[in-house]
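A.B. asks: Chain residues, written in single-letter form:
Number of protein chains: 2
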Amino acid sequence: MTQNFIHTYVSVDCVVFGFDHENRLNILLVQRHIDVPERQKRLPGSLIFSNEDVDDAAERVLHELTGIKKMVQKQFRCFADPLRASNEHDIKWMEKEYKQQIDRIMTVAYLSLCKIDHKINSTKYDTVDWCPIDEIPSLPFDHNKIINESLIEIRRWIETDFSIIFELLPKKFTIRQLYQLYGALSEKYIDIKNFHKKISSFNYIVALDEIEKNVSHRAARYYKFDAKIYKKNNTKLIK
Amino acid sequence: MTQNFIHTYVSVDCVVFGFDHENRLNILLVQRHIDVPERQKRLPGSLIFSNEDVDDAAERVLHELTGIKKMVQKQFRCFADPLRASNEHDIKWMEKEYKQQIDRIMTVAYLSLCKIDHKINSTKYDTVDWCPIDEIPSLPFDHNKIINESLIEIRRWIETDFSIIFELLPKKFTIRQLYQLYGALSEKYIDIKNFHKKISSFNYIVALDEIEKNVSHRAARYYKFDAKIYKKNNTKLIK
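In the order they appear, the protein sequences are chains U and V. Quick note on full-length UniProt numbering: the first sequence kicks off at 1 and runs consecutively. Quick note on full-length UniProt numbering: the second sequence kicks off at 1 and runs consecutively.
The hints are simulated quantities; they were obtained by calculation from the structure and are not laboratory data. It is possible that some hints are incorrect.
Which copy is meant is left open, because identical chains are indistinguishable; a pair holds if it fits in one copy or across any two.
[Stated by the list, open to error] Pairs of lysine-lysine, DSSO-like flavour, derived with a Cα cap of 30 Å:
1) Lys115 - Lys213
2) Lys171 - Lys231
3) Lys74 - Lys193
4) Lys74 - Lys145
5) Lys193 - Lys99
6) Lys197 - Lys145
7) Lys228 - Lys115
8) Lys145 - Lys232
9) Lys213 - Lys119
So that you can see chain U by itself, here it is in the shape it has in the complex (with noise of 0.2 Å):
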């Protein structure tokens, strides 16, 4: 007896977080052409080719549906619910966007860090843009999933290299923006006063000479990241 494997499609969809002027964590959804408006936004994704390789593909995908070239992209997970791609818009938007009857699809799923001015634009879709996470929609296929997983992702890939967190903030920022975007990452919270004391005693966070302008409240010294000196530091397994 043969028995039944999967032949498979296989896309890629790339989560994009940015953090933005409000100090909300943001990511970056695409705008398909769907009657059901309902299901018009979802990450960017798309097929592979036979010829390409799946890291590649990550890269040209992000390319052609953001904009965005030469982003550090880290794959994270394979989704591969049998059911996955189930719903009848979807598998409409799918025969008409790919020009093939789609079955079943796998997709490997992308993490990246982008600073929230980075250009975006698109040939391919009307509508790219940020969208805060608090305010995402329902979206196809399991793209609310991947979503939900890739958080959890950037939390391990933070105590992993906590380094990564400035990938997300402006080159000079104050202690403020990297407490927001610390408590929007993290589950627990930590007051204000001792994340201010635990900060203090990281050499690789340097103050600079320089304060907010043009601010309401009390102007708050710029701070930026030390890349060298946090290379040196924290280079062992054990910490």
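Starting from the known structure of chain U, arrange chain V on it as the hints suggest.
C.D. replies: Just chain V now, with coordinates in the frame of chain U:
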């Protein structure tokens, strides 16, 4: 024009680590039936079924091929090089094994940590056995690459969660065993005196009232890992 999208078989491959009585890191390999002797050994792996999710497939395949049940397996990477299954011996073997003409095959790799005394058996393959990491032969497909990547992944995993190192040790262990295991996993050399000092600052590594018996060197004290104490101290994003 219809673009040429991937339509592929997908497998899972399981990298199972063990730590032997000679203090060496090992990986579990199975031996497949193939006439070319130097391509017989491989990672435990198989195609997933058409109605199967990938994590379920990893659990099934590991059980079918090694007898190991209910092991935590961490999905760590999808390998999708278009040429990863292009060796003629591998193609012939796949045709015989799966009764399918297989043009391309993607694999999702899993990582797990196993006590070396865990019962291993297999109905499918003649031989399932541990192989010291320094003695791993040239393997079929990209299995050598998968093992190399899994070593990088296990290091990252230990950085995030040092407690997982104890999955590889017996319930009671000596500091020398922990040191040897740490040395096998780490890329950096650490002096045993410094290691002792570091370890003694970890309150979750608890000295037992018991020492080694029947050893030719000076009998060392046994220790155990206390998961509760570890968990209490290690739940913060910033350490």
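A.B. asks: Since the copies are identical, ignore which copy is meant and state whether Lys74 and Lys145 lie within 30 Å (CA to CA) inside a copy, between copies, both or neither.
C.D. replies: both (17 Å within a copy, 18 Å between copies)
A.B. asks: Classify it for me, Lys197 with Lys145: is the Cα-Cα distance of at most 30 Å met within a copy, between copies, both or neither?
C.D. replies: Answer is neither: 36 Å inside a copy and 44 Å across each miss the 30 Å cutoff.
A.B. asks: How would you label the pair Lys228, Lys115 (within, between, both, or neither) given a Cα cut-off of 30 Å?
C.D. replies: Answer is within; shortest intra-copy Cα gap is 20 Å, inter-copy 39 Å.
A.B. asks: Is it within, between, both, or neither for Lys74 and Lys193, if the alpha carbons may be no more than 30 Å apart?
C.D. replies: For Lys74 and Lys193, the Cα distance exceeds 30 Å both inside one copy (33 Å) and across copies (37 Å).
A.B. asks: As a check of your reading, is Lys213 near Lys119 (CA-CA no more than 30 Å) within one copy, between copies, both or neither?
C.D. replies: Classified as within; 25 Å inside a copy, 67 Å across copies.
A.B. asks: Given a CA cutoff of 30 Å, do Lys145 and Lys232 count as a within-copy pair, a between-copy pair, both, or neither?
C.D. replies: between (37 Å within a copy, 29 Å between copies)
A.B. asks: As a check of your reading, is Lys115 near Lys213 (CA-CA no more than 30 Å) within one copy, between copies, both or neither?
C.D. replies: within (21 Å within a copy, 59 Å between copies)
A.B. asks: First find the shortest C-alpha distance between Lys193 and Lys99 inside one copy, then the shortest across copies, and answer within, between, both or neither for a cut-off of 30 Å.
C.D. replies: The answer is neither: 57 Å in one copy and 65 Å across copies each exceed 30 Å.
A.B. asks: With 30 Å as the alpha-carbon cut-off, assign the pair Lys171 and Lys231 to within, between, both or neither.
C.D. replies: Close inside one copy (18 Å), not across copies (35 Å); limit 30 Å.
The structure fails to meet hints 3, 5, 6 from the earlier list, while all remaining hints are met.
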